[in-house]
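Student: Residue numbers (our numbering), protein chains in the order written: chain A, 9 to 427; chain B, 10 to 337.
Treat the hints as calculated values from the structure; they're not laboratory data. Ideal Cβ positions, reconstructed from N, Cα and C, are used throughout, including at glycine. Careful, some of the hints might be misleading.
Negatives, chain A to chain B, calculated, CB over 10 Å [said to hold, decoys possible]:
1) Tyr54
2) Ile75
3) Leu104
4) Ile111
5) Val138
6) Ala157
7) Leu164
8) Thr216
9) Thr230
10) Glu257
11) Ala380
12) Leu392
Facing chain A, a subset of chain B residues (Cβ under 8 Å, in silico) [as the list claims (entries may be wrong)]:
13) Ala71
14) Phe101
15) Asp107
16) Tyr121
Capping the alpha-carbon separation at 25 Å, the derived lysine to any residue pairs in SDA-like fashion look like this [claimed, not checked]:
17) A:Lys131 - B:Arg157
18) A:Lys210 - B:Lys144
19) A:Lys210 - B:Asn55
20) A:Lys210 - B:Val104
21) A:Lys131 - B:Tyr121
22) A:Lys131 - B:Lys144
23) B:Lys326 - A:Lys210
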Amino acid sequence: MTAAMISAPIRSSALREFGSSVTTVMIKELRSRFRGRRAFIVITIYLGVLALLAYGVYAVVAPQARINAGFGPRTDGFGITIANASATIGQAIFALLSIFELILVAFMAPAFTTGAISLEREKQTLDLLVSTPLRPGGIVVGKLLSALAFLILLILAAVPLSALVLMYGGATLDDIVRQQAVLLMTAIGLGSIGLFWSAAVKRTQAATVLTYLTVLFLTLGTPMIYAFWSATNTYNAENPFGAPRPAPEQLLWANPAVAMIDVVAYTEPGSGWFTLILSGLTGSNEVCDGDVCWQTTTPNDGVPGLKLGGAGVTGGAPANGDDVGVANDLPLIDPGACPANARCAGPGLAISPIVGTLAGHFWPRYGLTMAALSVLLTVAAMRLVVPNGMRFAFRRPRPGAAAVPIEPAQPEPPAGAEQ
Amino acid sequence: MSESLVSSVPVIETRGLVKRYDGELAVAGIDLTVAAGEIYGLVGPNGAGKTTTMRILATLLAPTAGEARVCGIDVTADPIEVRRRIGYMPDFYGVYDDLRVWEYLDFFARCYSVAPARRASMIGELLAIVGLSDKRDAYVEALSRGMRQRLCLAHTLVHDPALLILDEPASGLDPRARVELREILRELRGMGKTILISSHILPELGELCTSVGIIDHGRLLRSGTIAEIERSLEATAILRIDLLSDPDAAASWLGTDARVGDVLRVDGEAVHGIRLEVPFSGSPDEQAGLLRTMVEAGHVVSGFSQATTDLEEIFLKVTGKSEEESAA
Numbered sequence: 009m010t011a012a013m014i015s016a017p018i019r020s021s022a023l024r025e026f027g028s029s030v031t032t033v034m035i036k037e038l039r040s041r042f043r044g045r046r047a048f049i050v051i052t053i054y055l056g057v058l059a060l061l062a063y064g065v066y067a068v069v070a071p072q073a074r075i076n077a078g079f080g081p082r083t084d085g086f087g088i089t090i091a092n093a094s095a096t097i098g099q100a101i102f103a104l105l106s107i108f109e110l111i112l113v114a115f116m117a118p119a120f121t122t123g124a125i126s127l128e129r130e131k132q133t134l135d136l137l138v139s140t141p142l143r144p145g146g147i148v149v150g151k152l153l154s155a156l157a158f159l160i161l162l163i164l165a166a167v168p169l170s171a172l173v174l175m176y177g178g179a180t181l182d183d184i185v186r187q188q189a190v191l192l193m194t195a196i197g198l199g200s201i202g203l204f205w206s207a208a209v210k211r212t213q214a215a216t217v218l219t220y221l222t223v224l225f226l227t228l229g230t231p232m233i234y235a236f237w238s239a240t241n242t243y244n245a246e247n248p249f250g251a252p253r254p255a256p257e258q259l260l261w262a263n264p265a266v267a268m269i270d271v272v273a274y275t276e277p278g279s280g281w282f283t284l285i286l287s288g289l290t291g292s293n294e295v296c297d298g299d300v301c302w303q304t305t306t307p308n309d310g311v312p313g314l315k316l317g318g319a320g321v322t323g324g325a326p327a328n329g330d331d332v333g334v335a336n337d338l339p340l341i342d343p344g345a346c347p348a349n350a351r352c353a354g355p356g357l358a359i360s361p362i363v364g365t366l367a368g369h370f371w372p373r374y375g376l377t378m379a380a381l382s383v384l385l386t387v388a389a390m391r392l393v394v395p396n397g398m399r400f401a402f403r404r405p406r407p408g409a410a411a412v413p414i415e416p417a418q419p420e421p422p423a424g425a426e427q
Numbered sequence: 010m011s012e013s014l015v016s017s018v019p020v021i022e023t024r025g026l027v028k029r030y031d032g033e034l035a036v037a038g039i040d041l042t043v044a045a046g047e048i049y050g051l052v053g054p055n056g057a058g059k060t061t062t063m064r065i066l067a068t069l070l071a072p073t074a075g076e077a078r079v080c081g082i083d084v085t086a087d088p089i090e091v092r093r094r095i096g097y098m099p100d101f102y103g104v105y106d107d108l109r110v111w112e113y114l115d116f117f118a119r120c121y122s123v124a125p126a127r128r129a130s131m132i133g134e135l136l137a138i139v140g141l142s143d144k145r146d147a148y149v150e151a152l153s154r155g156m157r158q159r160l161c162l163a164h165t166l167v168h169d170p171a172l173l174i175l176d177e178p179a180s181g182l183d184p185r186a187r188v189e190l191r192e193i194l195r196e197l198r199g200m201g202k203t204i205l206i207s208s209h210i211l212p213e214l215g216e217l218c219t220s221v222g223i224i225d226h227g228r229l230l231r232s233g234t235i236a237e238i239e240r241s242l243e244a245t246a247i248l249r250i251d252l253l254s255d256p257d258a259a260a261s262w263l264g265t266d267a268r269v270g271d272v273l274r275v276d277g278e279a280v281h282g283i284r285l286e287v288p289f290s291g292s293p294d295e296q297a298g299l300l301r302t303m304v305e306a307g308h309v310v311s312g313f314s315q316a317t318t319d320l321e322e323i324f325l326k327v328t329g330k331s332e333e334e335s336a337a
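Looking at chain A on its own, in the form it has when it is part of the complex (with noise of 0.2 Å):
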């Protein structure tokens, strides 16, 4: 038997060893991250400006609210009740925090990590990294969650200022949950983004500028696309009557601001402003008067979860059938429909009448898209961490493979005896 048969068992499992690496990458990064008084007064800034937003938003909203409350309770197109003046200061603090703290976490999540890599090739450390027992993908992911690390502790910190929103009520829990959702897979999307041009640009300068061209992409050129898109596909072959036929949904998938709207949309009673934004965004096919909103055609064929249900929307998925009859005089109405994604106030009857059904459609799916993308693009970097023409070497050795190679493998250990 071989030394090396013999040193082969001493290997602990791959699970653990990538364990390791990322947990010694993680504490030298965090090491220095967190030294002296960076971190804290970052911290203290971002909540400074977070909690003088809100304030700010209360002193604005707070009196117009008021003054709508005392003309006492009223209601909308559809009979519902419009939010009484504490629920509409919350869902506006609510509406600005969610927007503010992406805006912020969306830019700072890509410049944590768009040096994580090149700057160790610049500062010429990666070969001492890459020459140690470290596994690759442990260098890729600790250096990404210990970027991230600091950055969920901002969003977290921040956790207690949405919350003030639960005293004024107009968002829940849920609500929160959501938005906190949005933030974490902003902040780890983009910031693999970032990862993943560190490791594939050499210099951290074009690195940052091709992260934020693809943020650029995702957040302001998807629906610039999907407006195209969708105005260009009205008269074809296939839709002769040029009815408007909306894009693929898809491309707004990656969109944290569209997900964002979408979190803020589904605290709105009616069709408030974030209501009318996702719907102006992703509708090219309704028509509008004030508040009250239906569709002219068929939307959305072969798009499932776009198809508009609820009061004045054809379509969607009848969750129950409960006949309420509501605004029976519009054309191509399927009032018994409350669709699987929309929020009722009674059996079939949406609260926001024509997007409502669009309200908590696109976050989860910006959330698992998020997860795809960042778990493709570590991967991705983790490969261009590999020396070139080393990768299949990072295969573990098949059991029969150990015992090819040399005669007698290891020698003495020569200095261990000694030091």
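Given chain A, work out where chain B should sit, using these hints.
Tutor: Quick look at chain B alone, frame taken from chain A:
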């Protein structure tokens, strides 16, 4: 398994090692064998293929052809196992910001899965070896170049490897730091480490290495102990003859001897008189005979010695010879 069998495995063994970058041959078939306990110096000009060879051994590059084994393990078949057995110090490297000296070593110890209990004591030992004990809590980026070099050397030792691969460890160091480095390497040799060290500055390797390989244009031109290489080049030993009498007469007298090559007159080198540098092909006995007949012929010789061939001259001879061969 017998003890002798184990130690007979060379720590480094390459066969027909070839590395090609975009069609350019960086390493053109190197057969290198380094036994346990040797300090092997790779000498060659910049771009000779030293770094490429070392990077292949350090599992950072895959060879285009041929094979390389460290402690009998193929570097491409099981790089992780190879990495556990080597400490690698690249020719250019940086250090991390925001990390203290002990944290730096602790990080690399973790990389090699050194047991936590061992880590703390080992960091102290290593810092003592490289003379950085008082810098334990200093930031790495605040160290001088020589100190960084020694710290990097310490990092190669955290897992007590059998083989150290040191790429140009003395480049850019001032003479004092160089002496310190040499002392450390001597200590490591005492610990029984096998060391592969490269340099383009030859004298710094001469006294340190047990063996030397001269490498140029991706080929290993000579390999062996310095004495062995010297012997293989003995044909062209250079005699330094200091003359108080007429040097030109002596030169023309020497020119009649078939064993003497082109005589070179060197002014100002000798303490007294004029020095001639005389390429002479012959044994030490024949050298003594030459001196005797020269004195008998009436030349006043105040000094007669064989120029000590240092590594630099050997190197120039070897590489010069290979260029002649390739030109012919």
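Student: Hints broken by the structure, by number, lowest first?
Tutor: Hints 5, 18, 23 are the ones this structure does not satisfy, whereas the remaining hints hold.
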